[in-house]
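S.K.: Here is how the chains run, residue by residue.
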Amino acid sequence: MGKTETIITSCSHDCGGRCMLKVHVHEGKIVRIETDDGEEPQLRACLRGRAYRQRVYSPDRLKHPMKRTGPRGEGQFERISWDEALDTVAKELIRVKNTYGNASILLLGGSGSQAVLHGAGAVERLLAGFGGYTRAWGTPSYEGALFSSMATYGTMTTGSAREDLLNSRLIIMWGWNPAVTVWDTNTALTLAKAKEKGIKVVSIDPRLTESTAVFANEWIPIRPATDAAMLIAMAYVIIEQGLQAQRFLDKYTVGFDKFRDYVTGTEDGTPKTPAWAEKITGVPRATIERLALEYATAKPAALIPGWGPARGAMGEQFSRIANTVIAMTGNVGKEGSYAGGFMRAFHSRQMGMPRGARNAVEQGTPPRQNSLYKLRGAASPTSARIHSAKIYDAILRGKAGGYPCDPKLAYIVASNFLNSTPNVNKGITAFKSLEFIIIHEQRMTPTAKFADILLPVNTFMEREDVVSPWLGSPYYLYMNKAINSMYESKSDRDICAELAPRLDIADYRDGRTDEEWLKTITESTGDIPNFEDFEQKGVVKLKVAEPFVAFREQIKDPINHPFPTPSGKIEIYCQHLAEMNNPQIPAIAKFLPTSEGYNDPLSQKYPLQLMTTHHKPATHSTMEKIPWLDDIEPRRVWISTRDAEARGISYGDEVLIFNDRGKVLMQADVTERIMPGVVNIGQGGWFDIDEQGIDQGGCANTLTPSEHSPGGAWCANTVLVEVRKA
Amino acid sequence: MCKYCLGGGEKSLGNTDMQIGFFIDQSRCTGCHTCAIACKDWHNIPAGPVNWRWVITVEKGKYPKVFVAFISLSCLHCAEPTCISVCPTDAINKRQKDGIVEVNQEACLGKEACGLCKEACPYEAPQFSAEEDAKMQTCDLCVDRWDEGKKPICVDACPMRALDAGPLDELEAKYGALKDIDGFIYAQKNRPSVVFKAREPEFLDSPPNNNVTPP
Chain A
3 MGKTETIITS
13 CSHDCGGRCM
23 LKVHVHEGKI
33 VRIETDDGEE
43 PQLRACLRGR
53 AYRQRVYSPD
63 RLKHPMKRTG
73 PRGEGQFERI
83 SWDEALDTVA
93 KELIRVKNTY
103 GNASILLLGG
113 SGSQAVLHGA
123 GAVERLLAGF
133 GGYTRAWGTP
143 SYEGALFSSM
153 ATYGTMTTGS
163 AREDLLNSRL
173 IIMWGWNPAV
183 TVWDTNTALT
193 LAKAKEKGIK
203 VVSIDPRLTE
213 STAVFANEWI
223 PIRPATDAAM
233 LIAMAYVIIE
243 QGLQAQRFLD
253 KYTVGFDKFR
263 DYVTGTEDGT
273 PKTPAWAEKI
283 TGVPRATIER
293 LALEYATAKP
303 AALIPGWGPA
313 RGAMGEQFSR
323 IANTVIAMTG
333 NVGKEGSYAG
343 GFMRAFHSRQ
353 MGMPRGARNA
363 VEQGTPPRQN
373 SLYKLRGAAS
383 PTSARIHSAK
393 IYDAILRGKA
403 GGYPCDPKLA
413 YIVASNFLNS
423 TPNVNKGITA
433 FKSLEFIIIH
443 EQRMTPTAKF
453 ADILLPVNTF
463 MEREDVVSPW
473 LGSPYYLYMN
483 KAINSMYESK
493 SDRDICAELA
503 PRLDIADYRD
513 GRTDEEWLKT
523 ITESTGDIPN
533 FEDFEQKGVV
543 KLKVAEPFVA
553 FREQIKDPIN
563 HPFPTPSGKI
573 EIYCQHLAEM
583 NNPQIPAIAK
593 FLPTSEGYND
603 PLSQKYPLQL
613 MTTHHKPATH
623 STMEKIPWLD
633 DIEPRRVWIS
643 TRDAEARGIS
653 YGDEVLIFND
663 RGKVLMQADV
673 TERIMPGVVN
683 IGQGGWFDID
693 EQGIDQGGCA
703 NTLTPSEHSP
713 GGAWCANTVL
723 VEVRKA
Chain B
-14 MCKYCLGGGE
-4 KSLGNTDMQI
6 GFFIDQSRCT
16 GCHTCAIACK
26 DWHNIPAGPV
36 NWRWVITVEK
46 GKYPKVFVAF
56 ISLSCLHCAE
66 PTCISVCPTD
76 AINKRQKDGI
86 VEVNQEACLG
96 KEACGLCKEA
106 CPYEAPQFSA
116 EEDAKMQTCD
126 LCVDRWDEGK
136 KPICVDACPM
146 RALDAGPLDE
156 LEAKYGALKD
166 IDGFIYAQKN
176 RPSVVFKARE
186 PEFLDSPPNN
196 NVTPP
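Protein chains in written order, with my numbering: chain A, 3 to 728; chain B, -14 to 200.
Rather than coming from a laboratory, the hints here were simulated on the basis of the structure. Remember, predicted model here, so these are calculated numbers, not experimental data. There may be inaccurate statements among the hints.
Said to hold, decoys possible - Calculated cross-link-like contacts (lysine-lysine; reagent style BS3-like; alpha-carbon spacing at most 25 Å):
1) B:LYS135 <-> A:LYS31
2) A:LYS93 <-> A:LYS543
3) B:LYS47 <-> A:LYS281
4) A:LYS539 <-> B:LYS164
5) B:LYS120 <-> A:LYS24
6) B:LYS47 <-> A:LYS202
7) B:LYS103 <-> B:LYS120
8) B:LYS50 <-> A:LYS539
9) B:LYS174 <-> B:LYS103
10) A:LYS24 <-> B:LYS136
11) A:LYS5 <-> A:LYS202
12) A:LYS545 <-> A:LYS558
13) B:LYS159 <-> A:LYS199
14) A:LYS428 <-> A:LYS69
15) A:LYS195 <-> B:LYS164
16) B:LYS182 <-> A:LYS197
17) A:LYS5 <-> B:LYS135
18) A:LYS197 <-> B:LYS45
19) A:LYS195 <-> B:LYS182
20) A:LYS195 <-> B:LYS50
21) B:LYS103 <-> A:LYS197
22) B:LYS164 <-> A:LYS197
23) A:LYS197 <-> B:LYS47
24) B:LYS174 <-> A:LYS195
25) A:LYS543 <-> B:LYS135
26) B:LYS182 <-> A:LYS199
27) B:LYS136 <-> A:LYS5
28) A:LYS521 <-> A:LYS543
29) B:LYS50 <-> A:LYS202
30) A:LYS199 <-> B:LYS164
31) B:LYS45 <-> A:LYS202
32) A:LYS202 <-> B:LYS182
33) A:LYS195 <-> B:LYS120
34) A:LYS727 <-> B:LYS164
35) B:LYS174 <-> A:LYS197
36) A:LYS281 <-> B:LYS50
Claimed, not checked - Take a look, some chain B residues computed to stay more than 12 Å from chain A by CB distance:
37) GLY33
38) TYR108
39) GLU116
40) ASP125
Every residue gets a Cβ at the ideal spot worked out from N, C-alpha and C, and that includes glycine.
So that you can see chain B by itself, here it is in the shape it has in the complex:
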């Protein structure tokens, strides 16, 4: 039997009262990782494999025509999270009031016994520590801050003001509904709760024959 079938059937997930998501401005992100460190500090996550937020570098082309951009990523609190679909113990849920994906670690079977969510997520958002029976953890969109009327720590940390979070429809109204950018593919099946501003896709202008021969 396919291990993805363990979760048992389709679950309808896209019916929350509203959906909170992220805005990520790739045109501004300098890859400084302040968001990732602020996240680790706020949630007291030790160094190592668990990263609720991380930054990827997108590189294309050959010297001297090179494209470089950065994207800050995390769990994107999908409208139809495949992690929930595959979870055999219903340890992952979406909050009805705002669509935030939550993990009940007591119900989680752990990465050795199960680990299906990690494989099912197109963005590798479910995180496990190095411990043997590590339970799944992931971005909780700073529910504690949200409940106090504050934005997530990553948003408030970004020195470039390249991140925002809020009701997805409001983000789309404010920033547009761009879902695919260089370095990120929008998974239609999951419908991640995110909108982007892209870095212009063209390569940097660069002198055509800059391949100087070393002396």
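This is chain A alone, in the form it adopts within the complex:
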């Protein structure tokens, strides 16, 4: 019997948490996983991290490089050697480059690894060194929130430290469910403490989520995609009562007058009263009035605009109006307040690889239409990129369809792309039309089945990396390697390093080993004085003098600390947007009717509004088919008792959820916890489309539209469907 070792690492998938795993390894095998029991704040892992052993040893793990033998997508493969696999990949990359040019190489890099060294970034470096590639813009989760954050505040760093919520007098969780999405480790714990302290918590959400159940004193259900209307009516009440923080507005913002003219109806003849909003939102006018007064007078108050309500066909308007109402009440830059926006808090998330070669395909291209190209700090606004929701259309139509290139080859890494992108059926058609598909994967996902060459990748348990939390809380985790790479799998970086000489790229590693890179990267944060200590302890928790609150300096000393916007102020009216002269992205936030909203004419045919939220055991599609987790919460569609009764549906019945894009078969969870007229599917289920075209795997994206808002938000929560008993 050998000794059992304990190795410290962290999950690095696209989960809102970033937590410590203490991995017990016995004779080269993971036997148990514990979590942080050290100094506070402990970074305790959730069910997904605790179940990770079953993912490492999943029967779905890819063991060897493989090449396709049957029709694409059927999952028929033959084992080949690494040499043959890499030679084929190199040959195809060179062929496509020579035949069509680098822009026809499409890199579909996903969020499967959030750590610094491995994942999509490894292939970005390789392909940049190869003369460039085309990539996507438009992040599935947050593009609406990001666009608004940039337009209003000029930065993504607009959040506050978790513990600062304890300084609030009122917390409004607007479409925000951190009990499931985690939203940086210990957010849920802090909300529980806030409630225990007597701080009132209100939740606005079409569903009674876990967060609402446990942290909220009040639940206000609202129709999806109408949140902006409720916020505008709250602004109406605040203006009518003269409760806006006028001195704050005068000193720190621009454009409130124009917004007021819109709200009161001076601009368009429609006063945006609570009665106006009641018809749109389904929220009683008295509730809107009361919440507006409470929010305007409970100072400081934290209105937290979740990313979910901004995942819609006019998504950015929700976030823009939330930022505006927040500024109207002066809840910016002060302890206990909350500025909204993108909500990054602290800078740990800025840790990253130094930039490698530039992507030649993007060099010298003009900015994208509708982009906030004058602002710096978000992703590059180059027009050479294709929106992630439009990738399939771009593959099918190319330059003739107005896209920047004719994609011929897809290189997929850290992404279950077909499963995670809207309109699966369109995606399958598009993928079948490509000349070649290369995929790095850990397990046989629905996307992996579409590879021509499938390369087995190791999990984070099998390699070294460093990682910081989603929203930049003040800590870093060192991901020690727990076990050797399983089967013949390799890291993304090792694969790229072996491809490099085949592509005539000299020294992919830039003369440094992985460990030397990790040292360089951690030193560049300025927060980690001793690399060896970091590696050994696995964590650095920074002692911060006061909780991070975005814009403290801008509020305390505006002369020397302007906001990073063109005007130097909070832009309620955004000049950059005004110059676009696009009524779909107005310079002030507005409520705009949306496609596939509650009153779209399509609702005659498909009367139910589908939301596609996070599924507790899943981490998008990463933790799918993990037996322990599958037992916890089977995938079911939430439907209200009233809508179920009207359709003769009982709890547990097999039902078909469908629209013109696809059909999904699932069991019904008939519940009082969702607003009538709304149904919900947790996203991430692995699609499994049968001969009748019915998805037996519960994949929400079988139903979602491959469209985006003018600002780039996915339409994941503006989806109309009908449900019937199967």
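Use these hints to put chain B onto chain A, whose structure you have.
M.R.: Coordinates of chain B only, in the frame set by chain A:
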């Protein structure tokens, strides 16, 4: 003959040197199931019907006035466990030093031949795998960890710090002696070794006429 009589007479069980139990904070539990997964991992229990720890959802009311809460449960190491009373082979015992309920699987007759403990327990804590001659298993309060001075894995796992374990009298002194909460009935006969903090029993405030008609 009533099958419960197989066990043969009354056994006095409440005389252990002390009793270890659980504290469960329903007001904090978000139903995340981390405790249940950590338990499965620590004790190497495969997916399927055997759950030493599980989480229930308590739901009441009609939209939009709905009460939702969660409770993490396991064997509660009763002072007077009915599983022990009914066991015909004395396969279940309470440790004298701390009252932890232990199972001797070699003595257990199995779920097909017997299964009396499962029926006798008000909380369905005795667990059996799907195998035909499956023997009873249940939460052992992580005796291995306890002996090392550590709390059970579920307690150390909970991201909400909603669980605790320790001598029951100490838990009562620290957290109070609440025994009945929404979704859990304290069985007087068994005297489960548990104290709770309840989620406030009232429904969430919600707008009175929120039953909007879909367009």
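S.K.: Take the hints in turn and mark each one as holding or not.
M.R.: Verification of the supplied hints:
1. B:LYS135 <-> A:LYS31: holds (24 Å)
2. A:LYS93 <-> A:LYS543: violated (46 Å)
3. B:LYS47 <-> A:LYS281: Satisfied, since the Cα-Cα distance of roughly 22 Å is no more than 25 Å.
4. A:LYS539 <-> B:LYS164: Violated: A:LYS539 and B:LYS164 sit about 41 Å apart, past 25 Å.
5. B:LYS120 <-> A:LYS24: Violated. B:LYS120 to A:LYS24 sits at ~32 Å, over the 25 Å cutoff.
6. B:LYS47 <-> A:LYS202: Distance of about 23 Å is within 25 Å: holds.
7. B:LYS103 <-> B:LYS120: OK: B:LYS103 and B:LYS120 at ~11 Å, within 25 Å.
8. B:LYS50 <-> A:LYS539: violated (48 Å)
9. B:LYS174 <-> B:LYS103: holds (16 Å)
10. A:LYS24 <-> B:LYS136: holds (16 Å)
11. A:LYS5 <-> A:LYS202: violated (51 Å)
12. A:LYS545 <-> A:LYS558: Judged against 25 Å, a Cα distance of about 23 Å means the pair holds.
13. B:LYS159 <-> A:LYS199: At roughly 18 Å apart (the allowed maximum being 25 Å), A:LYS199 and B:LYS159 satisfy the hint.
14. A:LYS428 <-> A:LYS69: holds (24 Å)
15. A:LYS195 <-> B:LYS164: Distance ~23 Å between A:LYS195 and B:LYS164 Cα, so the pair holds.
16. B:LYS182 <-> A:LYS197: holds (14 Å)
17. A:LYS5 <-> B:LYS135: Status holds; Cα separation ~20 Å.
18. A:LYS197 <-> B:LYS45: holds (21 Å)
19. A:LYS195 <-> B:LYS182: Answer holds: A:LYS195 to B:LYS182 is near 14 Å, not above 25 Å.
20. A:LYS195 <-> B:LYS50: holds (24 Å)
21. B:LYS103 <-> A:LYS197: violated (38 Å)
22. B:LYS164 <-> A:LYS197: holds (23 Å)
23. A:LYS197 <-> B:LYS47: Distance ~24 Å between A:LYS197 and B:LYS47 Cα, so the pair holds.
24. B:LYS174 <-> A:LYS195: Since the Cα atoms of B:LYS174 and A:LYS195 sit roughly 35 Å apart, the hinted pair is violated (cutoff 25 Å).
25. A:LYS543 <-> B:LYS135: holds (24 Å)
26. B:LYS182 <-> A:LYS199: Holds. B:LYS182 to A:LYS199 sits at ~15 Å (cutoff 25 Å).
27. B:LYS136 <-> A:LYS5: holds (22 Å)
28. A:LYS521 <-> A:LYS543: Holds, at roughly 17 Å.
29. B:LYS50 <-> A:LYS202: holds (18 Å)
30. A:LYS199 <-> B:LYS164: holds (24 Å)
31. B:LYS45 <-> A:LYS202: The hint holds at about 22 Å.
32. A:LYS202 <-> B:LYS182: holds (20 Å)
33. A:LYS195 <-> B:LYS120: violated (42 Å)
34. A:LYS727 <-> B:LYS164: violated (42 Å)
35. B:LYS174 <-> A:LYS197: violated (36 Å)
36. A:LYS281 <-> B:LYS50: Judged against 25 Å, a Cα distance of about 21 Å means the pair holds.
37. GLY33: violated (7 Å)
38. TYR108: Per Cβ check, B:TYR108 is outside 12 Å of chain A; nearest 19 Å; holds.
39. GLU116: holds (16 Å)
40. ASP125: At about 16 Å from chain A, B:ASP125 clears the 12 Å cut-off, so the statement holds.
Going down the numbered hints, you'll see the structure goes against 2, 4, 5, 8, 11, 21, 24, 33, 34, 35, 37, while the others check out.
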